[in-house]
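Chain by chain, the residues run as shown.
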Amino acid sequence: MFKSMYNWIDERLDITPLWRDVADHEVPEHVNPAHHFSAFVYCFGGLTFFITVIQILSGMFLTMYYVPDIINAYASVDYLNHKVAFGGIVRGMHHFGASLVIVMMFLHTLRVFFTGSYKAPREMNWVVGMLIFFIMLGLGFTGYLLPWDNKAYFATKVGVQIAESVPYIGPYIGEFLYGGDIVGAQTLTRFFAIHVFFLPGALIAMLAAHFLMIRKQGISGPL
Amino acid sequence: MAHGHKSNEKVVYVGDSRVKKSNHPNIPPDYTSYPGKSEAFIPNFLLKEWMVGCVVLVGFLTWTIAEGAPLGYPADPTNAAFIPMPDWYFLFLYQFLKYPWVSGDYIVLGTMGVPAVMFGGLLLAPFLDTGKERRFYRRPIASSLMFLSLISCVYLTVISWNHYTHEMEATNSIPEHHVREEKAREAHEKGQEVPSATKQEDKAVALVDANDPAMDIAKKAQCVTCHAADLKGNPPQIPALTGVGDRLSKEELVETVTNGRGGMPSFKGTLTAEEIDQLTTWLSKQKAPAE
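In order, the protein sequences belong to chains D and W. Here the first sequence stands for residues 1 to 223, where the numbers follow the numbering used here. Here the second sequence stands for residues 1 to 291, where the numbers follow the numbering used here.
Careful, some of the hints might be misleading.
[Claimed, not checked] Partner residues aside, some chain W positions facing chain D, computed with beta carbon under 7 Å: (1) Lys37; (2) Phe41; (3) Ile42; (4) Pro74; (5) Pro84; (6) Tyr89; (7) Pro126.
[As the list claims (entries may be wrong)] In silico negatives: residues of chain D with every beta carbon more than 12 Å from chain W: (8) Ile56; (9) Met60; (10) Phe176; (11) Thr189; (12) Phe198; (13) Leu203; (14) Ala208; (15) Leu212.
The hints are simulated quantities; they were obtained by calculation from the structure and are not laboratory data. Since the structure is predicted, the reported quantities are computational estimates derived from the model, not experimental observations. All residues carry an ideal CB built from backbone N, CA and C; glycine is no exception.
Produce the complete structure using the sequences and hints provided.
The structure is reproduced here in structure tokens:
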């Protein structure tokens, strides 16, 4: 039945070439842990993506309850964490997943670095990967404020103060992040917008570029 | 169908669309001819990878359920005692900026110079390390720089964490999410309702001896202008006077009324010593009823 459904769609949209490009590609022996156990280092990229998907899904559920304003933000997180069924688990996934995604991405970066996989012709993919790294750090920084507890508040205050000490453009960065002169109502709403719309949008675009390039170029050969 | 299904046309489209009608059989490529033991990504490899993913997911969920996401007390900008702490992956940068040669007068070096060189170097690594050699032990400069950066980051993170724990010990403070968790657990064990962090201000304490003549002194001295007619104050700037006896002793109250405190003016000139004594005696009786 699936085959006839596939054929029906394929006849109209000619998706087979697309499908072949996306999914039907070889996995060479030297990256397959089933053949060489040490090849598990090649799993970190996939795991990073896996955790990123968890982050996106759990984040989507969190926004069902989260309210980005200074009166209700903390109360909504409190309610979500302690009253909503499985809310604590979903928030836990998002909280610890944020750390785990950094760890996995870090290991993936080290693998790519120490296997020299960033060398020609894959320079652009390395640069895009580093941009993904910075976007992830930005997501970590903006997401830290959202629970609106003391830890969130003062860490953000210090973080923005550090950004403000940059010469010439520092005050502008500070004002952009604060949305005023202090960490307040404006800061929370704009961190929420950056965390939920701007950075994930950029992240998805970068991930698409990252995967497109690896599909085009294939995995770097054995050492 | 403008063109119909005439078979003598060179390209046959599906309906009036621009999708060519293909007559290729839909057979996936055969990987046996590829070098080594290659296999297809879907479904062969993805199934194995999915199993690894499941193990990771189970471990991750176990961790999540066992640990629980931390949540402290609501943000209070006037809290001057709170020790700020970024998330662990920013600690290396946080610690780095504490060193005298990258802060103060040299802050430009700390926020721009060194990070720009480090992150810029990382971003542009493929253009700096252009040799053909890929094995790390044949690339001594690139590899040793990376090892050095790694060691520094780990070192800075550990130092920062130690610094934080020492600071917490020195100020005798416990992370708020631990305090909160502990209180919730204690309340649960006693069978009480878990205290809500957001309802702290709602605990209204009734005025004790509202008809005491001291209340008139309070009105005369214009205490009520700031602390409100019902003496509930306007927290957090102006504290409530109801229940003040739980927080301050008679001597402290005399001191506060006589000399002022924080934003509160001195009432030495407005009230006589006798009136202050009468007022503070009454205020020190303002305690929450014993449970």
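Results of checking the hints against the structure:
The interface hint given for Lys37 (chain W) holds, since its Cβ lies 4 Å from the closest Cβ of chain D, which is under the 7 Å cut-off. With 7 Å as the threshold, the beta carbon of Phe41 (chain W) comes within range of chain D, its nearest partner Cβ sitting at about 5 Å, so the hint holds. Of the supplied interface hints, the one on Ile42 (chain W) holds, with its beta-carbon coming within about 4 Å of a beta-carbon of chain D, less than 7 Å. For Pro74 (chain W), the interface hint holds, since its Cβ comes within 7 Å of a Cβ in chain D; the closest pair sits about 4 Å apart.
With a least beta-carbon distance of about 4 Å to chain D, the hint placing Pro84 (chain W) at the interface is held under the 7 Å criterion. For Tyr89 (chain W), the suggested interface contact is upheld, since its CB lies about 5 Å from the closest CB of chain D, less than 7 Å. Evaluation of the Pro126 (chain W) hint against chain D yields a held restraint, the C-beta minimum of about 4 Å falling below 7 Å. Non-interface status of Ile56 (chain D) relative to chain W is upheld: no Cβ of that chain comes within 12 Å, the nearest being about 15 Å off.
For Met60 (chain D), the non-interface assignment is confirmed: its Cβ lies about 17 Å from the closest Cβ of chain W, beyond the 12 Å cut-off. Annotated as non-interface, Phe176 (chain D) keeps its C-beta farther than 12 Å from every C-beta of chain W; the closest such distance is 16 Å. At roughly 14 Å, the least C-beta separation between Thr189 (chain D) and chain W is larger than 12 Å, which holds for a residue marked as non-interface. Listed as a non-interface residue, Phe198 (chain D) keeps its Cβ farther than 12 Å from every Cβ of chain W; the least gap is roughly 19 Å.
Every CB of chain W is more than 12 Å from the CB of Leu203 (chain D) (nearest about 17 Å), matching its label as outside the interface. Taking the minimum C-beta to C-beta distance to chain W, about 18 Å, the non-interface status of Ala208 (chain D) holds against the 12 Å cut. Residue placement check: Leu212 (chain D) keeps its beta carbon more than 12 Å from all beta carbons of chain W (closest about 15 Å).
Of the numbered hints stated above, none is contradicted by the structure.
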